[in-house]
Each structure stands twice: as structure tokens, then as C-alpha cells.
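Novice: In case you want the letters, here they are:
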Amino acid sequence: MSVLLMLSIILFVLMLVVGGVKGIGAFISLWISFAILVVMMLLISFQFNPFWVLLIGGSCLLTVTVLSAGADERTTTIALIASFLVMIMLLIVILPTEHLAIAQGFAEENSEDLEGLSLAINIDFGTLGIVAALLATLGAIAEASVAITTGVGELLNERPNISNRDLIDVSQVLGKQIIGTAVNTVLFGFLADFLSLAVLFGKLQYTFGEIINAKLFTSSMLSLLYALLGVLLTLPVTIGIFLLYQKRQKHHTSGEKL
Amino acid sequence: MNTKKINHFFLKILVVLVLMLTSFVVLRHNASWYQDSIGEVTSVKQVSTKTLQDQYGNKVTQHHQKVSVKLLNTQNKGKTVSFINSYDDAKAITQPLNKHDQIFLAKSSKAWGLKNFKRDIFWIPILILVMGLLIISMGKAGSFMVLSLIINVILFIGTIYLNFVTKEANIFWLFILFSIIASMLTLIFVMGIKRRLTWTVLLTVVTSTTAAMLIGLLVFNITNEKGLHFELMSFITQLPQPMFLSMTLVGVLGAVMDEATDMIATLFSLEREHPEIGIKELLITGRHVGQEIFGALSNTLFLIFIAEQIPMAILYLRNGNNWGFTYTMNLSLGMVQTLISAIGIVLTVPAGIFWVWILHKWRQRKMEANI
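Residue numbers (the working numbering), protein chains in the order written: chain A, 1 to 258; chain B, 1001 to 1371.
Warning: the hint list may mix true and false statements.
Unchecked claim - With a straight-line Cα cutoff of 20 Å, these simulated SDA-like cross-link-like pairs (lysine to any residue) come out:
1. B:Lys-1167 x A:Lys-176
2. A:Lys-176 x B:Ile-1135
3. A:Lys-203 x B:Gly-1158
4. A:Lys-176 x B:Leu-1149
5. A:Lys-176 x B:Thr-1207
6. A:Lys-203 x B:Arg-1195
7. B:Lys-1115 x A:Gln-205
It should be emphasised that the hints constitute simulated quantities derived from the structure, not laboratory data.
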């Protein structure tokens, strides 16, 4: 049995035991995400427009992650709209920055991995850099958005007559805690990605100046910053969408009463 | 008062924007801080283009441009040099140069050439933006968060440094130490040193990550590492297996802290409302919180670990490799890392419930003894 298969079986059993039916949902969502990524990579390599693949695939990944929480309809709707908006906002930040910082593709540190490969392919690595940077942020955005919406929803269920002002204040307090822990998830995830590169920089005795200008360092750093920015943007956007949704619901019910 | 608050908010945003602009201007003019030669491109002229084709159907245009660069530092300051820069449309490793670009230059025998771009100009302003927004939107908690980010990064660098001092003896042990110290400091920063929550979460984090790593190691042993190719890891300069384990450990740490904090905070508030709570209620609530979060957290880590590999995977596919080979070469280790992390994320639920229960019992016994 291969390592991957055995770990998958262990994960499946644990998710089933700890999470019941919902746990199986989490397990399946992980593999659906994997399948979406595979399809995206194949489509890009078949030269479909990478931006459309990114937008459609990214939306699918957000949907899968939000659905994996198994929350009620209101939470799911709000979290989906909010995380989709944050994705678009991030893309607007990433497009010019990636273009300016020219941190796409590979550097001489990769030379061992690149042996025997033809680098002159039909696809622009600048675009691929944008795809990779945006995809890395999506999980964190969806997770934070679901957590905030669930929290605010519970609050609203406990105190249905709370005023909008109070709701904003209380959800800010709640959101800050969620953002605080989500920031750590992102930081340690990226530190892990960066670990082997950091050891290599040390081994090659790069100076401080060389490190902060290195292509691979810059691209890792920017990916981390985009993900942090995404998580930060999630709080105001989610609360905003939540209020709009409430307003519409109220209109709807008062309309019915009339 | 509301308008005052809003004005205050815009003032803070303005400060961040000014800081960003300042850093940009400073980094455009700080060539003298560097010992390597830095130059600014003064003119670019396209010399020739030609089309390249390979056996996999890739067709790219290759360009040659003649660039003049004015040196900005070292004893050659003020001198203008020129060279030919070649690049292709894929821009995998080569780059077109534009007027006003600042670049590092290298001199080989007689001719000058492009060594690297000056990239700190672009990411440092973004760093200031993100840290600024963090502090503005989160207030005091935001400042603490920035501080804990900085401390974690310093600890990380320190651990890498220790790896060299100890002659690369065992990087995994060093990162175990790092993980304990980093999670302790992070939790203290977020929740305070004296709170019961901090220490319960820490116990949970240690328990579940240890269990996940042990399960991973056990599986490696039983299967004889079948299907694992540590030698395929990028940037490897020392024994790859301890390196892989270190990456897995560090990667899962944040997610487990995130989950444990959410879950245990909920359990504690339940305990406050019902002091006579039994293990059954704790189990139900803990599971409920865990179920909601562990799918999303596993997906978060999965995307962080895998996204980075996408450019390389596509390069493989465009070089006529089939999907299976591309997967093995580029994605299989990331998947194993994701699965071990997901196991840690799931185990956090029982581990957290266990520690809350034990500490609850212990407190009850202490109170009974006092009476």
C-alpha cells in the first residue's frame, strides 16, 4: 500500500469517527478541490485562457470550501458572495503588483529541478504566477468568511431585535478573534512552504540584500501578503453583505405581511 | 462623533499611504546601501526577434534588446554600460527590461550583464500596506498581531540559523523546539499569559500535532515510504526526510491553533453557563464546532501547499509529460503533507475535548477539597 492511500484511509476513518456524516463531507471536499485543481492545470496546459480558468476554477474552489462547513442556507449564501467579492478585490491588487514585481516563474535556485525541461513554452509565466498567488489565498478567505458569518448568524438568532449599529460593533469584536487566528493559519502555512528555500539561502550564504531582492523570496513574500490581505478584507466585506442580506429579508417579510 | 470617527479612519489610511510612498521613494534611491552594483536602465532598443519551436508544439518568440544602464553606486557610479538582454514570451527565467527599471549588475571578465532585479521596491510597500491595514482594522489586537508575526519570523530565522550552527545535525528536532516556542508565544500574544484558555489550547496543539506526526511516521515505516520521493523536493541541500517532516509540522501548526482556539473558547463558555457539565455535552458541542471547521481548514492548507507548485506542473505538462508523471514529480509530496496536516486538524477535536474534560475534573476536585 502506498503512503498516500494509507494516509487517506486513516484520514477517512478519523473524519468519520470524529465528524460523522459531515466528516465524510469534509473528506470528499478535499478530493473535489484536488480534482478541480487537476482540471484547471490541464485546461491551462491545453491553452485555455488562464484568467477564465482561474475565475471559474477559483469560484468552484470557494464553493467547495464554503460548502464543506455544512452550514445553513443563509450562512452559505452570504459566505459565498463575500468570499467571491474578496477574490475579485484581491485579483485587482495582484494584477498590477505581479506585473511590476516580476517575480514569476523560476530562478537560478531552481536550476536542478529544471534540468532537461524546455522553458520556452506557449504560456506566459507571469499569468501562471497570478494563478498560483490567487489560488493560495482562496482557502483562507472562504474559511474566515464562513466563520464570521456563522458567528454573526448565531448572534442574530440569540438577539433577533439587535440594532444594526450594535450588530456591527459586536460582530467586529467577534470577527477580530476569527481574523486573529486565521492570520496564524496563513503565516505558518507559508513559513512551511518557505522552509527549504530559507535553508538554501542560508547554505548559499546569501546576503540580506540578495535575499530581499531574490525572485523566489519576493514571490513567496507577496503570496503571504496577498493571503493576509484577503483574510483582512473578509471581515468588512462579510459584515457588509450580511447587513444587505438582512435588509432584503426584512423588506421581503414586510412585503408579505402587507 | 461618527464623522469624527470616520475622519480619524481616513487619517490613518492616509498615514499608511504616505508611508508606502515614502518607502517606495527611499527604495528607489538607496543604491548606496548595497555593495553589489545597481544600475537604472536609461534606454532600450529592440535588436532582433526570432521564433523558437520545440518538439512538443511550443512556439515562442525570442527577443534581443540592447539596453543602456547607468550605474548608481560603487566606484563606477555615473558610468553608463550597455549589453544585450535576451528574453522569450514565456518569461520563465528571462525578462524584458524597460526604461527606469533598477537592476543588479554583474561583471563577467569584461562585459556587464543583468544579474537580478531590484524587487524590494515592490514588496516592501505592500508589506507596509498589509501591516498598516492590520493595525487600523484590528486596533490594539492588530498591533499585538503584527508583533507576534514579527517574533515568529525572527524565531523561524533563528531556527534556520541554528540548523547551520549545529552542522545540520537534525533540523526536525530544531523545528519541534521552534513549534513549541512559537505556538506558546503566539497564543500568549493573542489571549494573554494568565488565562486558562491559553494553556488548554497549547496542550491541545501539542497533543494533536504530536499524534499526527507520529501517525505520519508510522505510515512511512509500515509502507516503506512507498510512493514517496523525498529526493524530488525542491531546494534540498541536506537530508530530505527531516526537512519534509519539519515543513509538515510548521505548516499544520497555525491551522491547529486556529481550530483549537475556536473550539475550546466555545467549550469554556458552555462550562461557564453550566458548571455541572458532563463529558457527553462537551463531546456533542466540541464535535459540532470541529465538524464546521475541519473541512475548510484542510482545504486552506491544501491550497497553500499545492498552489505554489502549479507553474512547475504546467511546465511539465507542456514538455510532453503525462499527468501521472507530472503528479509524482510535483504534487505528490504536497498531497502527503496535506493529508498529515488534515489528520492533525481532525485529531484536534478529541484532543481539545480531552483536555477540557481533564482540567474540568481537576478543578472540580480542587473545589471539593477546598470545601
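Novice: If a hint holds in the structure, say so; if it does not, say that too.
Specialist: Now for the hints, and whether the structure bears them out:
1. With a C-alpha separation of about 42 Å, the suggested pair Lys-1167 of chain B and Lys-176 of chain A falls outside the 20 Å cut-off, and the hint is violated.
2. In summary, the hint linking Lys-176 of chain A to Ile-1135 of chain B is supported, as the alpha carbons are separated by about 11 Å, within the 20 Å threshold.
3. At most 20 Å may separate the alpha-carbon atoms for a hinted pair to count; Lys-203 of chain A and Gly-1158 of chain B meet this at roughly 14 Å.
4. The straight-line distance between the Cα atoms of Lys-176 of chain A and Leu-1149 of chain B is roughly 16 Å, inside the 20 Å bound, and the hint therefore holds.
5. Restraint check for Lys-176 of chain A and Thr-1207 of chain B: the C-alpha separation of about 26 Å exceeds 20 Å, so the hint is violated.
6. Distance restraint check for Lys-203 of chain A and Arg-1195 of chain B: the Cα-Cα separation of roughly 41 Å exceeds the 20 Å cut-off, and the hinted pair is therefore not satisfied.
7. A C-alpha spacing of about 17 Å is found between Lys-1115 of chain B and Gln-205 of chain A, which places the hinted pair at or below 20 Å, so the restraint holds.
The structure fails to meet hints 1, 5, 6 from the earlier list, while all remaining hints are met.
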